[in-house]
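Number of protein chains: 2
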Amino acid sequence: MKRFLVGSTLSWLLIASVQALEPLPTSVPVPADNPMTVDKIELGKSLYFDPRLSIDGTISCNSCHNVMTNGTDNRSVSVGVRGQHGGRSSPTVYNAAFLSSQFWDGRASTLEEQAKGPILNPIEMGMPSAQAVVDRLKGVPDYVSWFQHVFGGQGETAVTYTHVAQAIAAYERTLVTPNSPFVCYWYGDHQALSASAQRGMQKVTSLGCTSCHMGPNFSGPAGMPMGQGFFMKFPTFDQSKLALPYIQRYHLMDDKGRFSVTHQPGDLHMWRVPTWRNIALTAPYFHNGSVATLDEAVRVMAATQLNKTLSDAEVADIVAFLDSLTGVFPQQTMPRLPETPHHTVVGDAH
Amino acid sequence: MKRFLVGSTLSWLLIASVQALEPLPTSVPVPADNPMTVDKIELGKSLYFDPRLSIDGTISCNSCHNVMTNGTDNRSVSVGVRGQHGGRSSPTVYNAAFLSSQFWDGRASTLEEQAKGPILNPIEMGMPSAQAVVDRLKGVPDYVSWFQHVFGGQGETAVTYTHVAQAIAAYERTLVTPNSPFVCYWYGDHQALSASAQRGMQKVTSLGCTSCHMGPNFSGPAGMPMGQGFFMKFPTFDQSKLALPYIQRYHLMDDKGRFSVTHQPGDLHMWRVPTWRNIALTAPYFHNGSVATLDEAVRVMAATQLNKTLSDAEVADIVAFLDSLTGVFPQQTMPRLPETPHHTVVGDAH
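For the record, the sequence lines run as chains A and B.
Heads up: the first sequence begins at 1 in this note's numbering, then just goes up one per residue.
Heads up: the second sequence begins at 1 in this note's numbering, then just goes up one per residue.
Everything labelled a hint here was simulated from the structure, so no lab data went into it.
No experiment lies behind these values; they were computed from the predicted model shown.
Take the hints with a grain of salt, since some may be wrong.
Example chain B residues on the side facing chain A (calculated, C-beta under 8 Å, incomplete) [as the list claims (entries may be wrong)]: (1) P284; (2) T293; (3) D323.
Cβ atoms here follow ideal geometry from the backbone N, Cα and C, with glycine treated the same way.
Here chain A stands alone, though its shape is the one from the complex (with noise of 0.2 Å):
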């Protein structure tokens, strides 16, 4: 995985302004090596709201990227097994599908290495290693026929931590939120954005907001190669008498983001740009959920990456635009877990 260096984040900035807005493709991007199918999918789907992936049988994908809600569990921070309390806050799961890295710090490429990090936290799912969750799995005989059936192979070599982790990344590839407001504006509905959308769209162009926050998920250039990542530096403006404020009430330098991935000085405070898209939604704000509200978020940014102060009217005209980012989620009928008769593979566990 090569880092998006800061330098060449240069030769986009050029092209922002014509690329800038656009909405959702039509498609995500897939790998090559992990094809869609509607099989593979569902048992992805199942997969993820399992709590049989953690250790104790109570935390599943679902239980912090809530699909029911907006991907998130607008906690500060998630809670995993135990009770434990992890750093940073759940990013959102829609959309995922159109970011170039995934983890806040960017730490994997894509959404198949990602599934396979929280099952292992031990803060998070917990299991103790990948071939402890495909013995946990090789206990429910309906997955063992499910993998089978989707991955091939005999028997249970058909069930592999990579396998469940396709299965899943599959899965997470159809949760997208197309159909926002503004992308009817974009299709040329002039009625679809209020006056103060619009005036926020207009803002958050001249102001240099989609410097980063461009292409189709507001989280960088269109195209970027899977794993390469664009990532910002947050804040930005860490000297800054508007800025230092913020930094200090939200702890926004306490955790030095892609450094402790590469341990390279030029990743301090990095940070992969997140994505607008259900913005508004996915409350609290930042890497550690520290900033309760949008219209916060909005000063905090302008403030630590702008160095700019802006005003109440320019605040919401900001936020009525972000809100209209706001897409239509999914429908989805709800899994059905296979069943252990007889016995459970979690009830002892703690």
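Once you have looked at the hints, place chain B on chain A.
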């Protein structure tokens, strides 16, 4: 609520032989003051899945009574907010509509009354008061209009704790599992049960298991008034040489059962008779979830309730019959939980 006394149980035993085995009724009992409507059921489903009914936004009704599987969490005891462990195993929500009292100790007469319990239980969902639940929901504008639509009333007055419970109960009354193999057999398809299951059916009748596990839900006589409850002492043979090793190994008398509610000596170790429907799927077994497998649960019951030891073949036949009581679970759509744009109602809660 009047407890169904052991004395009056005897008259039921006399008629048990004719009514012991029967299919689920085609409709559930519905209290006159909580008629079911499509909109109420949908509201109840949303509330059932909404973790915002817990103090920190992590636990919903579905966390412990998972309708995507068998209506339980397949754990010995459940995990509530802050990683706290409960003292009893979560009973299945499926077919709970047919029980004449709720909770292991029957302390709630109705599903409505039951629904009010876990939300306020400090080790389950941990909300501090009914008013706190109402205030939380009043903070979600689409819930306010949804309650108004379903229950009438002006503005926020439609949101009451009783209405929360009524909506959840209405949804739960849709969670029934008809069309088990046993029912097909009962209606005349003699191929629906294996020879082993048919022997098991004879055995549970001849042994007397169906003296308690009778009626439409195999949990007590049909037509008992809501709230009356059908209780039995467990272990009954608490001094028997056959039972004592099980009682000790599985801590079957650590919990005083219904006595903890009524403080009446006659209620010591009395328990609501649990359903046999889908019992093959709801391991681990008994009020403390201490018994891992269904065959062992059958042996425990033979020893503690009948003072008998069964052969392995008898156990296998009974298990085969119990397998035949697994019904068809309803296909469901996923709810979409109402959002709180720009802010969260649980972000800071711990």
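Consistency of the hints with the structure:
Because the beta carbon of P284 (chain B) sits about 4 Å from the nearest beta carbon in chain A, less than 8 Å, this interface hint is met. Hint status for T293 (chain B): holds, given a least beta-carbon distance of 5 Å to chain A, under 8 Å. Annotation: interface hint on D323 (chain B) holds; nearest CB of chain A at approximately 7 Å, less than 8 Å.
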